[in-house]
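Kindly generate the complete structure, drawing on both the sequences and the hints.
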Amino acid sequence: MRVTRFASMRAYVLVLVAAGVATGSVALILAGAVPLVFVLHGTLTTEPDVEGSVRVTRELSPETPLPGQPVEVTLTVDNTGGRAIPDLRLVDGVPEELGVTDGSPRAGGAVSSGGTLTHSYTLQADRGSYAFDGVSLRARNSNGTRLVDATMPADGDREFECRVDIEDIPVQQTTTYTGQLPTDTGGPGVEFYATRDHHPEDPVKRIDWRTYAKTGELATIDFREQHAAHITVLTDSRTPTHVAADVTSPTGATLSAYAATIALDVLISEGHEVSLGALGIADPQTGTGPPAWVGPDEGKSFTTHATAVCNAAATGATADRSTPADGDETDSATAEASTAEERAYMTDGGDDWGRVRSLVPTGAQVVLCTPATDEGVVTLVESLRADGHEVTVLAPQTAPATIGGRTVGLQRAVRLERLRFLGATVIDWDSDERLRVALSRILGAGAG
Amino acid sequence: MTILATGGLLALIGLAAAWAWGSPGATGPFAEEAVGEPSRDVEVTGTKMTERYEQQGAAAEPFGDPIPASLRDTLVRLYQSDLDAGDAESYVDAGEWTTDRVAAATLTETNAVSFPLWYRLYNWLYPDHAYRYRIRRTVRAVEATCAAELTHFSPPDRAGGRLQRLRTLFRTEGEADR
Chain A
1 MRVTRFASMR AYVLVLVAAG VATGSVALIL AGAVPLVFVL HGTLTTEPDV EGSVRVTREL
61 SPETPLPGQP VEVTLTVDNT GGRAIPDLRL VDGVPEELGV TDGSPRAGGA VSSGGTLTHS
121 YTLQADRGSY AFDGVSLRAR NSNGTRLVDA TMPADGDREF ECRVDIEDIP VQQTTTYTGQ
181 LPTDTGGPGV EFYATRDHHP EDPVKRIDWR TYAKTGELAT IDFREQHAAH ITVLTDSRTP
241 THVAADVTSP TGATLSAYAA TIALDVLISE GHEVSLGALG IADPQTGTGP PAWVGPDEGK
301 SFTTHATAVC NAAATGATAD RSTPADGDET DSATAEASTA EERAYMTDGG DDWGRVRSLV
361 PTGAQVVLCT PATDEGVVTL VESLRADGHE VTVLAPQTAP ATIGGRTVGL QRAVRLERLR
421 FLGATVIDWD SDERLRVALS RILGAGAG
Chain B
1001 MTILATGGLL ALIGLAAAWA WGSPGATGPF AEEAVGEPSR DVEVTGTKMT ERYEQQGAAA
1061 EPFGDPIPAS LRDTLVRLYQ SDLDAGDAES YVDAGEWTTD RVAAATLTET NAVSFPLWYR
1121 LYNWLYPDHA YRYRIRRTVR AVEATCAAEL THFSPPDRAG GRLQRLRTLF RTEGEADR
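Protein chains in written order, with my numbering: chain A, 1 to 448; chain B, 1001 to 1178.
What the hints contain is simulated information worked out from the structure, not anything from laboratory work. Glycine included, C-beta positions come from ideal geometry on N, C-alpha and C. Careful: at least some of the hints might be erroneous.
Cβ-Cβ distance ranges computed for the label pairs, FRET-style [said to hold, decoys possible]:
1. B:His-1152 <-> A:Gly-388: 32 to 38 Å
2. B:His-1152 <-> A:Gly-354: 27 to 33 Å
3. A:Gly-108 <-> B:Gly-1008: 32 to 38 Å
4. A:Ser-269 <-> B:Ser-1081: 36 to 42 Å
5. A:Glu-159 <-> B:Gly-1064: 55 to 61 Å
6. A:Thr-379 <-> B:Gly-1086: 18 to 24 Å
7. A:Glu-159 <-> B:Tyr-1126: 18 to 24 Å
8. B:Leu-1015 <-> A:Ala-18: 17 to 23 Å
Okay, structure coming up:
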């Protein structure tokens, strides 16, 4: 593409030469040579080579980010041609859904023959699959009169997936009772619990010989029994949870699903019997619910089913989103749903979370992953506590530092305090804290 | 004079030529290409409140402002752990929850607390500024109360006023000099 940059010089040439001819002045005609040099330079220079001379490579770090994790994108432009490119500009084809949080996807500079131009910027990943478009390039010659535009796919990383899966979980462990939750009953085990009168059927190795030596009576040592626990992981994907701290951050529902996935991974690998519930969405495979439910009796299909439910919960894919997510209602004091329909939706079919309560097995401990953006969470925990369940809440923060965000954050802080008051263990998951750390606090609390 | 006239004539010729033969800005489409701004439709927490705070100011209907309503509800729920609902509301209405009279007057629904005279003057002169000042101050007061009352809440770090920022700047530069 040709760019006319010396139009005025062309006019000066014409004016000076015409004036020189008209007046017979050789000086004026010679003066016309000065702008003529610019015009000729602009006309005779050639276009810089881009196609076949430029190679762009894109690298992502990390290549498979977790939701909310920054992804550093490094573009490397190699000039493999024989000529330098005095002015090369590029714009990376950032996936439309993602936002740049640091730096810019635009870069530019001169690239000598065999030289390299490197540029980095940072994206924030959300759960999903993303593909980069080609890199837009624009090269100019040294005086800017020739311009070449090109769009070329980058070598290296062209797409990435941001997700958490539990594909590698050893499924057979879901039915193996090798859990580590200490119980408050005595029996076989390791940790001393109590001594009791000896029964003839007690194993000889548990006889307390010290007591026998002192008193001459047989006694049996009971150790603290360690049983596999049944743990229900609930992830919150109701309409009020689909809010984020900013447009580049994952929503509360996504973070909750992410936390639930990791929690399932850890709990199953430790041998606990686990079930999964996703509030606010129907089962993506069977269409039942809400809540979507995956029970431990599913055996080998548990992993696949749980992954599908967590993915659906992250996006709210199967939720009835026709109910408007009115920000003011979510934000303000009147967060409670005003209509019976909305209330029924929020509570999965009843004012007292009846369906969830009926699905959570008796005696199960509950890990609830929710951003706690509305009062429904309080009633849920209240119901679960009333049913005798130990409840641990992992609450990702989704409030920005704006006035509105701080106001909503205050509501949430009071809400979490009320959950603590109800007897739940609450982990306030700061976005700066790694989820594994937060979960280790949860699982430690749950296990204690 | 002749030099000026010659220069002016050359400038006119140059401009006319550029207008006649020049090409449209070649950098236009490339520069306008929007990248790095996410297109996904996601609701950001508290957006409507923030927009109301930033754009509408005091011009918004005073009784429909969601920020004071939300802050008041937060306080009432906070004190409901020790008081019944009516007493908690009375406690907030009486302004006993804070020593900040502006914040207390913002959240009361009675005449128990009124704005100080200086604030009323400020509000009369600069209503929009006064509105934002009042909201900021109330949010800080509620945050301070929550920090004192709740077991796991710490208010966000304050950037500080201009004087504080200047002090920080001088202190930093002084330390660097040493």
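List, from low to high, the hint numbers that the structure doesn't satisfy.
1, 5, 7
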